[in-house]
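S.K.: Sequence:
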Amino acid sequence: EEKEELMDGSVGPMRVLVTGGSGLVGRAIERVVKTEGEEREGEEWIFLSSKEANLVSAEETRAAFEKHRPTHVIHLAAMVGGLYKNMRQNLDFWRNNVHINDNVLNMSHEFGVVKVVSCLSTCVFPDKTTYPIDETMMHNGAPHDSNYGYAYAKRMIDVHNRALFQQYGRKYTAVIPTNMFGAHDNYNIEDGHVMPGLIHKTYLAKSERHLTHNHPIGRFLSDQFLLFFFVSFCLVGEEDELTVKDAVDAVVEAFGFEGEVIVSFHTNSKYLYRCFSFFPAVKETCDWFAANYDAARK
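Under the working numbering, the residues of the sequence shown are numbered -5 to 292, in order.
Please note that the accuracy of each hint is not assured.
[Unchecked claim] No more than 27 Å apart at the CA atoms, straight line, and that leaves these computed lysine-lysine pairs for DSSO-like:
| id | residue 1 | residue 2 |
| --- | --- | --- |
| 1 | Lys61 | Lys109 |
| 2 | Lys28 | Lys79 |
| 3 | Lys109 | Lys165 |
| 4 | Lys45 | Lys79 |
| 5 | Lys28 | Lys109 |
| 6 | Lys292 | Lys277 |
| 7 | Lys79 | Lys292 |
| 8 | Lys122 | Lys61 |
| 9 | Lys79 | Lys239 |
| 10 | Lys239 | Lys292 |
[Unchecked claim] Simulated restraints on C-beta separations:
| id | residue 1 | residue 2 | range |
| --- | --- | --- | --- |
| 11 | Leu85 | Val26 | 28 to 38 Å |
| 12 | Asn100 | Val169 | 31 to 41 Å |
| 13 | Gly31 | Pro126 | 32 to 42 Å |
| 14 | Gly250 | Glu104 | 46 to 56 Å |
Please keep in mind that the hints were generated in silico from the structure rather than gathered at the bench.
Note that the structure is a prediction, hence the values are computed from the model and not measured.
Backbone N, C-alpha and C fix where the C-beta goes; we use that ideal spot for every residue, glycine too.
Starting from the given sequences, assemble the full structure and let the hints guide the process.
M.R.: Right under this line is the structure:
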């Protein structure tokens, strides 16, 4: 059987394993892959969810690699959560993510995976730093105290990649996307990130799906809408950024919310998102959440 030469110079069919395949980024990649179906003929894409394999477990991770035998890995799997969940469970975020990352990278090396691209987070950057920041500044100081467990675990992917290259020549790398949001995100108000939490709160206020005033989401009534946000890091110049208020206004406009909006800013919360395609993306995400409310993660 004739084998295709891959872009990296290796020979054989390309089998791409996407860990965290049922999450925000994994689902987005899956949509692109399906859209480009004919263009990706000869490639096999496996979108692995936590239901299929608990990557905290070395045994289950090995079993997944033995089953799928990937040539390439996009590593997205992680224990994730918003500010308050991180503050409550820094130890859990550290231990679980260290295990996940070590298992995936170790099995990738052991099974001869050609390329691994892992996904980091803006929280890996130092709390005390200068702006603008870039990837060379990742290890130049401690991350913010609130989510240091998650942040240090993510930093260790970079350390692991460097060591694999130095010792074995493995060309594994990582990307650091900033403030992502979209369909299939975690919209939990207390434990999710800023944008999905904002979208969920606005939807509740607009649709009057509020509970009692004592319930965490019961405070967000249709005639008065109080928001609290804690945002620290950004990766681009100020001319390309939007404020937290811009994000609030975009979601409110997308839902057609007409009640009072009060935004309370943390002292570090000046900027949030890059402006490229921001407003259409917010509208698309809000429409998706409204259409999939009952099934969405929350």
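S.K.: Next step is simple, just say for each hint if it's right about the structure.
M.R.: Hint check:
The suggested pairing of Lys61 with Lys109 holds, with an alpha-carbon distance near 18 Å, which does not exceed 27 Å. This hinted pair does not check out: Lys28 and Lys79 have alpha carbons roughly 34 Å apart, beyond 27 Å. With a C-alpha separation of about 6 Å, the suggested pairing of Lys109 with Lys165 holds against the 27 Å cut-off. Restraint check: the Cα-Cα separation between Lys45 and Lys79 comes to about 22 Å, which is no more than 27 Å; the hinted pair holds.
A distance of roughly 21 Å separates the Cα atoms of Lys28 and Lys109; the hinted pair therefore holds under the 27 Å criterion. A distance of roughly 19 Å separates the Cα atoms of Lys292 and Lys277; the hinted pair therefore holds under the 27 Å criterion. For a cut-off of 27 Å, the pair hint linking Lys79 to Lys292 stands: about 14 Å separates their Cα positions. Note on Lys122 and Lys61: the hinted pairing is violated, with a Cα-Cα distance of about 44 Å set against a maximum of 27 Å.
Restraint check for Lys79 and Lys239: the C-alpha separation of about 23 Å stays at or below 27 Å, so the hint holds. Restraint check for Lys239 and Lys292: the C-alpha separation of about 23 Å stays at or below 27 Å, so the hint holds. Between Leu85 and Val26, the C-beta spacing of about 36 Å keeps the proposed range 28 to 38 Å intact. Checking the proposed 31 to 41 Å range against Asn100 and Val169 shows it is violated: the Cβ atoms sit about 20 Å from each other.
For the hinted restraint 32 to 42 Å between Gly31 and Pro126, the CB-CB distance of approximately 39 Å keeps it satisfied. With their beta carbons about 53 Å apart, Gly250 and Glu104 fall inside the hinted range of 46 to 56 Å.
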